[in-house]
Amino acid sequence: MIMTQSALDPLERARQVAAASRLFAAIAIVLILLNVIWIHGVAASVRALASLDHEPMLGPFWVIGAILPQIPLALPSLFLIGALEKLRDALKEYEEGRAFSLASAHAVRLSGQYAAAALIAKVVVAPIAKSILEGRYRWEFSYETTDLAWFAFALFVFALGRVLEAASAIKKENDEIV
Amino acid sequence: MMSNVDIRIQKARAQAGQMRVMGVVLIPLLSAAIGLPLIGEIYLVTFEPAPWAADVGAPSAILIKLLSYAPAIAAAVAVVMLQPVLNEYHEGRFVSDKASNAFQLAGISALAAFFLKLLVAPLGIALLGGAPFTWRFDPMDIALMVFAATVLMIGSALDAAVASLKAENDQIV
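Those sequence lines, one after another, are chains A and B.
Note that the working numbering has the first sequence beginning at 1, numbered continuously upward.
Note that the working numbering has the second sequence beginning at 1001, numbered continuously upward.
Bear in mind the hints are in silico, worked out from the structure with no lab data behind them.
Hints are supplied without guarantee of correctness; some may be wrong.
Stated by the list, open to error - Far from chain B by the CB rule (all over 12 angstroms, computed), these chain A residues: (1) A50; (2) I64; (3) Y94; (4) I132; (5) Y137; (6) R138.
To be verified - Using 20 angstroms as the maximum straight-line C-alpha spacing, the simulated PhoX-like pairs for lysine-lysine come out as follows: (7) A/K171 to B/K1011; (8) A/K171 to A/K92; (9) B/K1166 to B/K1098; (10) A/K172 to B/K1011; (11) A/K172 to B/K1166; (12) A/K172 to A/K92; (13) A/K171 to B/K1166.
Here a beta-carbon is modelled for each residue, glycine too, at the ideal position from N, C-alpha and C.
Please model the complete structure; the sequences and the hints are all you need to start from.
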């Protein structure tokens, strides 16, 4: 099918926006990952090793025990990196001119799922896992008022992804009929 | 007899309808979860002020409380903004200007929430005599901010795709 200039212009703009956004998301993923490694890996290890210098009796198992609770704390950021990666997949589809494709809709749905999982990890999983790994065995939660709003936002993105999936399936069938 | 496409359209509309119901339940819950504690805190700083609230005075204390809830309010607005997208999809308008605009507005509100949380609220609270300003760099906040920005970009890409499809259809007609 031949598209004239007026139809191509917005599509070209969409592709450019998608390409720029993909790059932006990729840079953000690297920065967030570095930040997670720094805060939950390097800084926590340095702190634990510094304590070992002051108290040599603590031993290497204590160091491992001090670093281990950092792993669940990194979980929410890692889930969000997954969400961003999925949004990048959706943007790749847009960049290639497939705005209403099954793959892009699927990626939007998964990104919503990952973002919702990140918030559950932040509010419930990470604090409880940390308390268990630190030997306190308490029901602890890390809840801020904005978390509920972000959870709802993520659920809506998930829902929109599902609807877009259905809409893309319709478009695919229509295209096949034509 | 319904064709396969009609069945899919019905299914997509039904899904959008279910999500709309979820929104109808979720939005009042969200408003209550944010609004009720805010009202309570404003009441407390006005009529039973803690020492810090008494020090800064009731008007400043109220503003401090409003500022501290501003990010949550902006995030809730982002959720409310997504509702018209589901309305459009429920009506069967999957390729719609209104839906893609709402998508973009939701992204903008979500980004505003982060600027409020990371910069505006802490700075405003410090200027009003509340807690001193400290730069808090939480990777989770930054990741959520990029997520919101990317949702905004998806809205923008969908908007352009809708414009392109419309232009194409107009030429066919």
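Hint check results:
With a least CB separation of 22 angstroms from chain B, A/A50 remains clear of the 12 angstroms interface cut-off, as annotated. With a closest Cβ-Cβ approach of about 23 angstroms to chain B, A/I64 is found to remain outside the 12 angstroms limit, as its non-interface label requires. Chain B draws A/Y94 into its interface by the beta-carbon criterion, the shortest separation being 4 angstroms against a cut-off of 12 angstroms. Taking the minimum C-beta to C-beta distance to chain B, about 21 angstroms, the non-interface status of A/I132 holds against the 12 angstroms cut.
Chain B leaves A/Y137 outside its interface by the beta-carbon criterion, the shortest separation being 25 angstroms against a cut-off of 12 angstroms. Remark: the non-interface label on A/R138 is consistent with the geometry, its nearest Cβ contact in chain B lying 22 angstroms away (cut-off 12 angstroms). Distance hint between A/K171 and B/K1011 is fulfilled; the C-alpha atoms sit about 14 angstroms from each other, no more than 20 angstroms. With a C-alpha separation of about 19 angstroms, the suggested pairing of A/K171 with A/K92 holds against the 20 angstroms cut-off.
About 13 angstroms separates the Cα atoms of B/K1166 and B/K1098, which keeps this hinted pair within 20 angstroms; it holds. Proximity of A/K172 to B/K1011 is assessed by CA-CA distance (about 15 angstroms); at most 20 angstroms being required, the pair is judged to hold. Distance check on the hinted pair: A/K172 and B/K1166 sit about 18 angstroms apart at the alpha-carbon level, within 20 angstroms; holds. At roughly 18 angstroms between alpha-carbon atoms, A/K172 and A/K92 fall within 20 angstroms of each other, so this suggested pair holds.
For a cut-off of 20 angstroms, the pair hint linking A/K171 to B/K1166 stands: about 15 angstroms separates their Cα positions.
The structure fails hint 3 only (numbered hints given earlier).
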